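Residue numbers (this note's numbering), protein chains in the order written: chain R, 3 to 561; chain W, 84 to 287.
It is worth saying that the hints were derived from the structure and are not from the lab. Just so it is clear, the structure is predicted and the values come from calculations on it, not from any experiment. Note that the Cβ used here is the ideal one computed from N, Cα and C, for glycine as well. The reader is advised that the hints may include incorrect statements.
Said to hold, decoys possible - With a straight-line cut-off of 20 Å between C-alpha atoms, the simulated SDA-like cross-links for lysine to any residue are:
#1 Lys381(R) to Gly527(R)
#2 Lys4(R) to Arg39(R)
#3 Lys256(W) to Asp165(R)
#4 Lys45(R) to Lys457(R)
#5 Lys144(R) to Glu104(W)
#6 Lys351(R) to Glu249(R)
#7 Lys224(W) to Asp200(W)
#8 Lys292(R) to Lys256(W)
#9 Lys381(R) to Asp523(R)
#10 Lys292(R) to Gln153(W)
#11 Lys224(W) to Tyr235(W)
#12 Lys4(R) to His36(R)
#13 Lys457(R) to Glu521(R)
#14 Lys4(R) to Glu169(R)
#15 Lys144(R) to Asp200(W)
#16 Lys381(R) to Tyr398(R)
#17 Lys224(W) to Leu198(W)
#18 Lys144(R) to Asp172(R)
#19 Lys144(R) to Arg106(W)
#20 Lys256(W) to Asp186(R)
#21 Lys381(R) to Lys351(R)
#22 Lys256(W) to Val129(W)
#23 Lys256(W) to Arg183(R)
Stated by the list, open to error - To give an idea of the chain R side of the interface with chain W (calculated C-beta under 7 Å), a few residues:
#24 Pro125
#25 His129
#26 Arg183
#27 Tyr185
#28 Pro307
#29 Ala308
Here is what each chain is made of, one letter per residue.
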Amino acid sequence: MKRNGAQILLESLAAEGATLIFGYPGGVVLPLYHRFREYPQIKHVLVRHEQGAAHAADGYARASGRTGVCLATSGPGATNLVTGICTAYMDSIPMVVITGNVARDLIGRDGFQEADITGITLPITKHNYLVMRASEIAPAVKEAFHIASTGRKGPVLVDIPKDVFIEEADFDGYPDQVHLRGYDPVTVPSDIEVERAAAILNEAQRPIILSGHGTLQSGATDELVALAERAQIPVITTLLGISGFPEDHALSYGFMGMHGHYFCNMAADHADVVMGVGMRFDDRAMGRFKDFNPQAQIIHLDIDPAEIGKNFHTHAPVLGDVRQSLRALLPHLTSTTRPDWIRWIDDVKAQHPTDYDAEGAEVTGPWLCRAIAQQTQRKATIVTGVGQHQMWAAQYYSYTRPRQYISSGGLGTMGFEVPAALGAQFAQDEPVWSICGDGGFQMTCQELQTVAEHKLPIRYVIFNNGYLGMVRQWQELFYEDNYHSVALGQPDFVKLAEAYGVTALRATNRAEAVAALREADAHDGPIVLDIRCVEQENVWPMVPAGAALSETIESAEEL
Amino acid sequence: MIATNSQNAHSPQRVVVAHVEDRPGVLARVASLFRRRGFNIESLTVGHSDEPGLSRMTIVVDGQGTQVQQVERQLFKLVDVVSAIDISERPLVARELALIKVSCTPQGRRDIIALADVFRATVVDVADASVIVQVLGDEDKVDALLRLLHPYGLLELVRTGRVAMVRGSGTSKPVPVSEIERRAEEERAQFGRRPDGALPFASD
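With the sequences and hints as input, model every part of the structure.
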């Protein structure tokens, strides 16, 4: 059966079940857009900037667990995706990125809108392809989805020159197998490694589990709960691990790291056995490496062999899919109780504040996060941007369902919140709440048009303090209050939203904010809330950059 | 001439053999990985292997500034890399070829030829005012000959970089992934607290 490259690509996507594509057209992908109508099962969502397409595909993947797909034209279209691809790469998000390129005979000649996107994305994709024949499209797409969604997940880019979309080739169905001799991730843990880890856990007096994004990625929440309960091990999550372990569980002890809870950081630092589960011992989570809990034995469950021993030597690594590893570990563990250890952590928790809200009529970050939690009964999917509001959303919501907290952790991409919420909304019917910074919102707010067109019921709550808050906090604490370029003049967000045809409300105090949240919750369709917050507020506690977890501070006076 | 275990233990240089898909762009992927992770390449040679469609890379890295284990594992993560094995701890045959062009008058030729003979090197080109000496051996041998030829006037030098092969019937060729994992597991079983060498982040 003869098909042209564009048709083969669409056939392949349909066969892959990738029926939702976030994209933006341009010259070289016109042969592809010409064929979209032939495949009504594939829904194309037109974004307003390619970065939005990448973040939307990312948000969709994070909310659904499926592989997100985005599409852009050559040159500037492709380079606009780069921030989104890198965001997905840092957080191991399964994503397939399709780009067009100039015709084959123009490649390497600096043709109009030519960019070496496979070269550019080499270090920020799990793998990428430049497909030079129509007959190679289907195998490349098959491999791309396979690589993106297995092992340690990540973005894969497929670059297709314009004339390859037009070239005809025989297409006899989508391949059902891949042949990759250099790629075969280990998912089943070995008995020796499992037994060694179990032996250490069974001997442990003060064990702690650090659960990361891998718990969510492999769907291991139930297994983790079972293991924690059996061995009575307190569970702390990393930022991206939030919602991987229900925060209303008795063994849930919040999240750790630079702005993690004080008692969490202390517990991680006082444990005698630290078990990392699907996490990578990142510097923001662990503090200064060489002073992180020197006496602890480290167990590390991960699917990526390169993560084992990267930052810390591991006493007992367990290589494999986290869910399978937890399942394998469970029967080896002795059921026990640890009243002393749990009491130790509870005492630290009782002696230090867990709520840094300042009372008053003015809206503070912690208060607003708790108000949103109350309004949504802690059930909403929360998408955040990056900065102070991201940390407050992590500290004050209390997540109980997997994939409930969606945030750019590794790359820390401001502006993620607007398009990622858009993508997440396509994965579910219940309204998505997007907790936005006033800075980040300005970076990607053109996607309000996309949101309005599709009548997506997203609730955008802008924590508007008129500052680039986290940067201001650092200038205050570490750069002698020398504020520079952090006071953000902002447009009238209500008028801006209304210009896009989106309902918007403003609140300047707590009473108004409560009313606005209630109205947003009941609203049919998208809504933007411009909530004026205290201008200068700091996120506490904090591990200053370069400090150890044991040096967590709770106020500026401690510096 | 012969690199042995004990020699390797003192040498900061490590030899990693990688078998990679013979496809456009694979060298760029490997180079990009080394640049991105800050691994220092001392030498890198690529050529065909005995398996169709696979190229063999011999990569020499500075084992003091770089965690070799990370080199191995990050390389292996690349989809186009079929295997990556650090063979430094095993008995090796390691060789390098160099062509050395030395300025030389007809009168001086005899000296240079005699010198080359001592190193079992050969003179492969003779001109009015120069000769090209070809030498094969490990780096120390090439370095020694270079030092001795220097006074004559070194005009040009090319070295291939090291190629290496494990002694005996064992190979560093690709093995099933399960085998690679078994070996990696043995390695991971070596208990310890901190990675050797420099930590990769400035926060330390």
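Hint check against the structure, violated hint numbers in rising order:
Structure breaks hints 3, 8, 15 and 21.
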